[in-house]
Amino acid sequence: MRFRYVHIIAALFLLGGMGFQFFFSYRRASTRVQERMDLEMQVAQEKLLFELYDAYNAVYQLEDFMADDMNNPTDLLDETREIMKLYPHFFTFYVAYPPYAFPAKGKWYGLRSYRVRDSISSNVFGGENHNYFEREWWRGALESGRSGFWSQPYHDNVFDEPIFTYSNDYHDKKNNVTCVIGVDFSVNWVQQLLEQFKPFDEVNLAVYSSSGTLLTSSTSQDSTLFNVSNAQDRFAGKDWVVSRKTLNPIDIDLVMAVPKSYVWESIRVGILVPFAVFILGILVVAYLIHRISRDERENIRLGAEQKVIAHELVIAHGIQMGILKNRPLKESKNPAGEQDIDLHAILLPMREVGGDLYDFHREGDTIWFIIGDVSGKGVPAAMFMSAVVNLFRAIGRRSHTPKQIMEEMNSVLSENNPSLTFVTAFIGRLHIPSGQLLFCNAGHCPPLIVESGASSVKRVQLEPNIPLGYDGRYSFAEEGCILGEGEKLVLYTDGVTEARNSKGEMLGMSRLSALAGGDKDLLAAIKQYIGDAEPTDDITLMTIRKTDSVRPVSLRVVNQADQWPVLRQAIHEYGICVGIEKRTLKKLEVASEEAVVNIVRYSQATKIEMALSLQNSAFSIQLSDDGVAFDPTAHEVKTDAVEERQIGGMGISLIRQIADEVHYERVNEKNVLTIAKSTSC
Amino acid sequence: MKINIVANGQETRVCLAGELDTTATTNQAEELNQVIALADKALEIDCSELEYISSAGLRFFMQLKRESEAKGGSVRISHLNEDVNDIFRMSGFQNIFQID
Numbered sequence: 001m002r003f004r005y006v007h008i009i010a011a012l013f014l015l016g017g018m019g020f021q022f023f024f025s026y027r028r029a030s031t032r033v034q035e036r037m038d039l040e041m042q043v044a045q046e047k048l049l050f051e052l053y054d055a056y057n058a059v060y061q062l063e064d065f066m067a068d069d070m071n072n073p074t075d076l077l078d079e080t081r082e083i084m085k086l087y088p089h090f091f092t093f094y095v096a097y098p099p100y101a102f103p104a105k106g107k108w109y110g111l112r113s114y115r116v117r118d119s120i121s122s123n124v125f126g127g128e129n130h131n132y133f134e135r136e137w138w139r140g141a142l143e144s145g146r147s148g149f150w151s152q153p154y155h156d157n158v159f160d161e162p163i164f165t166y167s168n169d170y171h172d173k174k175n176n177v178t179c180v181i182g183v184d185f186s187v188n189w190v191q192q193l194l195e196q197f198k199p200f201d202e203v204n205l206a207v208y209s210s211s212g213t214l215l216t217s218s219t220s221q222d223s224t225l226f227n228v229s230n231a232q233d234r235f236a237g238k239d240w241v242v243s244r245k246t247l248n249p250i251d252i253d254l255v256m257a258v259p260k261s262y263v264w265e266s267i268r269v270g271i272l273v274p275f276a277v278f279i280l281g282i283l284v285v286a287y288l289i290h291r292i293s294r295d296e297r298e299n300i301r302l303g304a305e306q307k308v309i310a311h312e313l314v315i316a317h318g319i320q321m322g323i324l325k326n327r328p329l330k331e332s333k334n335p336a337g338e339q340d341i342d343l344h345a346i347l348l349p350m351r352e353v354g355g356d357l358y359d360f361h362r363e364g365d366t367i368w369f370i371i372g373d374v375s376g377k378g379v380p381a382a383m384f385m386s387a388v389v390n391l392f393r394a395i396g397r398r399s400h401t402p403k404q405i406m407e408e409m410n411s412v413l414s415e416n417n418p419s420l421t422f423v424t425a426f427i428g429r430l431h432i433p434s435g436q437l438l439f440c441n442a443g444h445c446p447p448l449i450v451e452s453g454a455s456s457v458k459r460v461q462l463e464p465n466i467p468l469g470y471d472g473r474y475s476f477a478e479e480g481c482i483l484g485e486g487e488k489l490v491l492y493t494d495g496v497t498e499a500r501n502s503k504g505e506m507l508g509m510s511r512l513s514a515l516a517g518g519d520k521d522l523l524a525a526i527k528q529y530i531g532d533a534e535p536t537d538d539i540t541l542m543t544i545r546k547t548d549s550v551r552p553v554s555l556r557v558v559n560q561a562d563q564w565p566v567l568r569q570a571i572h573e574y575g576i577c578v579g580i581e582k583r584t585l586k587k588l589e590v591a592s593e594e595a596v597v598n599i600v601r602y603s604q605a606t607k608i609e610m611a612l613s614l615q616n617s618a619f620s621i622q623l624s625d626d627g628v629a630f631d632p633t634a635h636e637v638k639t640d641a642v643e644e645r646q647i648g649g650m651g652i653s654l655i656r657q658i659a660d661e662v663h664y665e666r667v668n669e670k671n672v673l674t675i676a677k678s679t680s681c
Numbered sequence: 001m002k003i004n005i006v007a008n009g010q011e012t013r014v015c016l017a018g019e020l021d022t023t024a025t026t027n028q029a030e031e032l033n034q035v036i037a038l039a040d041k042a043l044e045i046d047c048s049e050l051e052y053i054s055s056a057g058l059r060f061f062m063q064l065k066r067e068s069e070a071k072g073g074s075v076r077i078s079h080l081n082e083d084v085n086d087i088f089r090m091s092g093f094q095n096i097f098q099i100d
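If you read the protein sequences in the order shown, they are chains G and U. So in the numbering used here, spot 540 of the first sequence is number 540, and the numbers just go up one at a time. So in the numbering used here, spot 50 of the second sequence is number 50, and the numbers just go up one at a time.
In short, the hints are calculated from the structure, not lab data. All residues carry an ideal CB built from backbone N, CA and C; glycine is no exception. There's no promise every hint is true.
[As the list claims (entries may be wrong)] Covered by chain G, according to a simulated footprint, are these stretches of chain U (three or more residues, beta-carbon under 8 Å):
1) 19-29
2) 52-59
3) 75-87
[Said to hold, decoys possible] Here are some chain G residues pointing at chain U (derived, C-beta under 7 Å):
4) A561
5) R583
6) K586
7) V590
8) E593
9) V597
10) M650
11) G651
12) L654
13) Q657
Isolated chain U (complex conformation) (with noise of 0.2 Å):
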């Protein structure tokens, strides 16, 4: 997968390309803590381009949620395909997380 971080403004922008799955997270932990890192800031993770998505990557969201209301930041997630939102949906996180 590819992970694209944008400051725009106020709102940094973080967009993922590809498939967030098991492999995904194994191999790009590095670049996925590199977000987690920001999570003081208002985050908006543009999810266009993300086909894929297992309990490995709602972990990811799930970690990022954490960080963010520790640290006094936001996320907010945009532009779910279908697929990923039905994943979203049944996994419940549709009521956790803000989703555009």
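This is chain G alone, in the form it adopts within the complex (with noise of 0.2 Å):
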């Protein structure tokens, strides 16, 4: 949360510097406009009293002229004229005379040069209609003394012109007044002149008499002339920078302003621009904590759903795990309880929980156990684990042969797959005392089998089939071994063989059968190899070793026909473990079988027994029973007149021919037959 605030404080903090530096940029921008403007003025004054003065050179000029040659007024006005001339800034020169002073030229005599434009034009005024006698200019003159006049600013009705004027009058010697002589300057002027020092385009000029009436201004809007609106005003307040000089001796005003937003203007490019890098970066610094902070949240709502998911695999291995058996112990004990085998199972998921499953379970002498591999990893392959193991236990426990469970398991596992998710598996059920393993794969890896003494490895020779889960009608091959004393079977999933050492080296099926035929603990020396490496795949291994002495498989039954099948399935089991060819495996179990029926029919036994070996790579089936004193090899075989024959003739026949060896004696007050047949045949 605290991550949220540190970017709009951060923008507070930059946006407060920026308003300082814009406070003292402006301040700093406007005393330099001012200093600028008052400087500027400064001197504009002091050209247009240097100008104005020119009005008593142009005087002194004129009286000396007229010192000169008083009585001859009419070239005054060519030195009216010649005067204009020197001063281009004279807007009318004149002398007028006082009244009748030429009682010929009338009451008013007046001699005048003025400016048209560039040319001047000179003319002879005063008149009733033009008495300027009565005029400011005139009378302010004779008032003024020997240093002259300047007038107010006035207007000129002739040239409809703002002006203002110098005059001075002329005595002679007896101090009566000669004349009057003026010079009249246009307020334009003044406004032209002040134009020049204009410091910025900017500038707002203008020309105030002392009484507050505009008459010139450099905006047109302003240049009504004499406007009787409070124009002074035009300039004040707080929205202009304002330099104002009075200018003596005619008592205008001279105002020079320029808006403050011309300030600002000239600050503007200086502030905006690092204001704007300013605001972008404080936009973008928002934008990366907005994003880390998002991305923080995120994190931690992610970390949260992942703290669920991991405690969820937690117990989903906590599961898997008790699926899986981990007591082999109790397993490796015969009912007497004793230990007849060594077994050892195990299973390190990759990740939490994984594909791989092994199971056993034993009833009496006999084991039960499967080992597998799901396809794919991780939860969707632990669901399809459990299920596999589930299945395992309950077809396991009906179905008699690992054939029948496979094929079963096979059949309910491919019927309902819409994910294809397929099972590599290994079924095997040994019978302990004897050793007989009957096994069925389906596309597993081929166990190892170490010999007593680990003198040496060999693989079990078998079938691959087809994984589970693809053809649920998929007919398996049976087969078999016999697993001797102090054998080990090393079963393992493929996780073992492809396990990677630190250098990336696969562990190998070779690898795996030293390691098995070594001394060390196989699981102990896998995990040695694997070293740090991460693992890729579930590792799954399980041993069974026979610990006691092989036995010869016995059976024992009421001396009934229905109790043939069991001994025949026996008869069949064993031929698989010892693998003998089927064509005489099955014949076998025709001589077995007529043989059988021979006791159930005459012997009046109540017990018949069984007994299998494999003696000097002959299969020997031995049948004893407790019934009367019988010896079929004494009956002679007869292969031609078949109809003519005993029906008990014709199975012993049969006995006779299929098996290399039938032998008969008595025993105990018992029968015992030995079938036997050579494997090699």
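The two chains are supplied separately, each in an independent frame; assemble them into the complex guided by the hints.
So this is what it looks like as structure tokens:
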């Protein structure tokens, strides 16, 4: 949360800084403008005064002329012209005489030269309509004494311009007024001169009378002559930076004013560019902080979710490990409580849960077991894995052989498998005393058998078949072998053979064989091989070592015909385990059936015992019964005249033809018939 | 085992599938007797799906042949697999039956 406000606080600081920056820049710029205008006004004022004082010179000049030629006033006209030429800033230059100074000229007689645009005109003025004795300049000149008179600005009706006048009277030696000499200046000229001192284009200029009447200004809207509105206030107030000078002696105000907006504009770029950069920077920082804090929140959220998932996975791990049997010792003991096998099983999931599986269950002297690997990894594989294990437990208790279990499981798993998840599996059934290992493989890695004393390690030869889950009607091959005394069956998943060490080298079959035959505990040796390398798959290992000696298969059944299938199944399975050829096995089954049928029919025995063994690579079936003595080998075999043969005789005939050796003896009141057939033929 | 009887024109075909052993001849005697009841006809015993036979099964064939000869029918055995054929050979049955 505190992260959220950092960028707002940063922005406030930056904005505060910007405000100060702006304020001081503006103040400094205002002062600079003010000083600059004041300076220009000072110079302009001096320049104007300098120009105005030309009026004195001009007047003296004309006085001098008049002193020379007093009696010819007409020449004066030319002289005013000449003087006008000398002073181009003069608006009018004139000389006026008192009433009747020249009787011939009448009451008014004035001579003047004036400027019309760039040329100078001269004329005589004065009359009823132009009674200059009433004019301020006339009266002022007479009243002002020797120094002359500067008029207030006034409106010149003839030229329709605001002007002001310097006038002075001229006296003769008797101190009578001879004439008044005047110079008119245009206020517009003042304005134009001021224009030259504008420090910036944006400067407004204005000339006011002392009474506050606007005379001229640089803006057209103000140019109304003698506007009576209170124009003095135009540059007053906060909107303007104003420089004001009073021009003596005519007592007019010169005003130079620049709108404050100009000050702002002059510093605008200098303020706005950094300001924009700052704002941009703030936005970028704000955005980054926002992103970071959002990511932070997202991370916190994801972290929480991850914790939930991780927690669930821990539980799932517990469930999966719980599914797996972890007390093999209990199943390593026979019903009498003696340990006859050494059983170990371990599953190391790559992640919390995985698709590897194993299971085993023991009933009496027989142990059923499965090892498998569900395609895929993680949770989906683990879900399938638990289904496979439970299926094995349910079916494995009902079905007899690994082939039957495998086919039933395959049927169920293929039935409803939209994800086409498949399982490789190896199911085995070990009859521990006899070492008969009947198994069925569904695409799983072939197990190893480590011989007693670890002298050699061999791979169990098997049909690969197909994995479970594809084809529910597939017929799996049924296979088997004999696990001898001290021999160890090593079952594993491909996570073992494909385990890599830190150099990336796979363990492989040959290394696994070597490790399995070694002295070390296999799991510890595999773990040592992997070392620090990241596991890439689940690792599952199950070993079953037969610790006691191999005993022959022996069965005892009551003497009834319906017990034959039990015996036949035992012969069939044993035949598979000792690797007898199938056709030979079938014939042996026929021979045995004939022998058993004979016992059932004729011996009146109560029980039949059967012992199966492999001796000198001969498959031996020994049947004994407690019935009346009967030696089937004593009967002659007749291959012809079939129709005449006794039913029993036909059976005996078959036995003798099928078996390599048929041996009968009467031992301890028992008929003992041994049927042997070489497995090599 | 399974027994399937198909009347096919002049010949009647009997398909035997599975194992014809002591258990089968005991448990399915009734069905086998139905086959024997057809002994007056021309019979083809199709053994393509017969996987196992013991002397109990051979006895059924013997019975069938006797009845057939008595009633003027005929028995022809077809499609014996190797295992079953071995037993037929060993028991000398191949000499007394017409085996295709």
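Does the CB of V590/G sit less than 7 Å away from some CB of chain U? 5 Å, holds
When the nearest CB of chain U is found for L654/G, is that gap smaller than 7 Å? Since the shortest Cβ distance to chain U is 6 Å, the answer is holds.
The region 19-29 of chain U covered by chain G? Criterion: 3 or more residues, Cβ-Cβ distance below 8 Å. As far as the region 19-29 of chain U goes, the hint holds, because 4 residues have Cβ atoms under 8 Å from chain G.
Hold the hint about A561/G up to the distance rule: shortest CB distance to chain U must be less than 7 Å. Since the shortest Cβ distance to chain U is 6 Å, the answer is holds.
Have a go at the Q657/G hint: is there a Cβ in chain U nearer than 7 Å to its own Cβ? 4 Å, holds
Do the numbers back the hint for K586/G, that is, is its least Cβ distance to chain U under 7 Å? Interface hint status for K586/G: holds (5 Å vs cutoff 7 Å).
Interface hint status, V597/G versus chain U (Cβ within 7 Å): 5 Å, holds
Holds or violated: R583/G as interface residue toward chain U, Cβ cutoff 7 Å? Holds, because the Cβ-Cβ distance from R583/G to chain U comes to roughly 6 Å (cut-off 7 Å).
In terms of beta carbon proximity below 8 Å, does the region 52-59 of chain U have 3 or more residues touching chain G? holds (count 7)
Are there three or more residues in the region 75-87 of chain U whose C-beta lies closer than 8 Å to some C-beta of chain G? Three-residue rule met by the region 75-87 of chain U, so holds; n is 4.
Answer holds if the nearest beta-carbon of chain U is closer than 7 Å to that of M650/G; otherwise answer violated. This interface hint holds because 5 Å falls under the 7 Å limit.
Grab the minimum C-beta distance from G651/G to chain U and call the hint holds if it beats 7 Å, violated otherwise. 4 Å, holds
Checked against the numbered hints above, the structure violates none of them.
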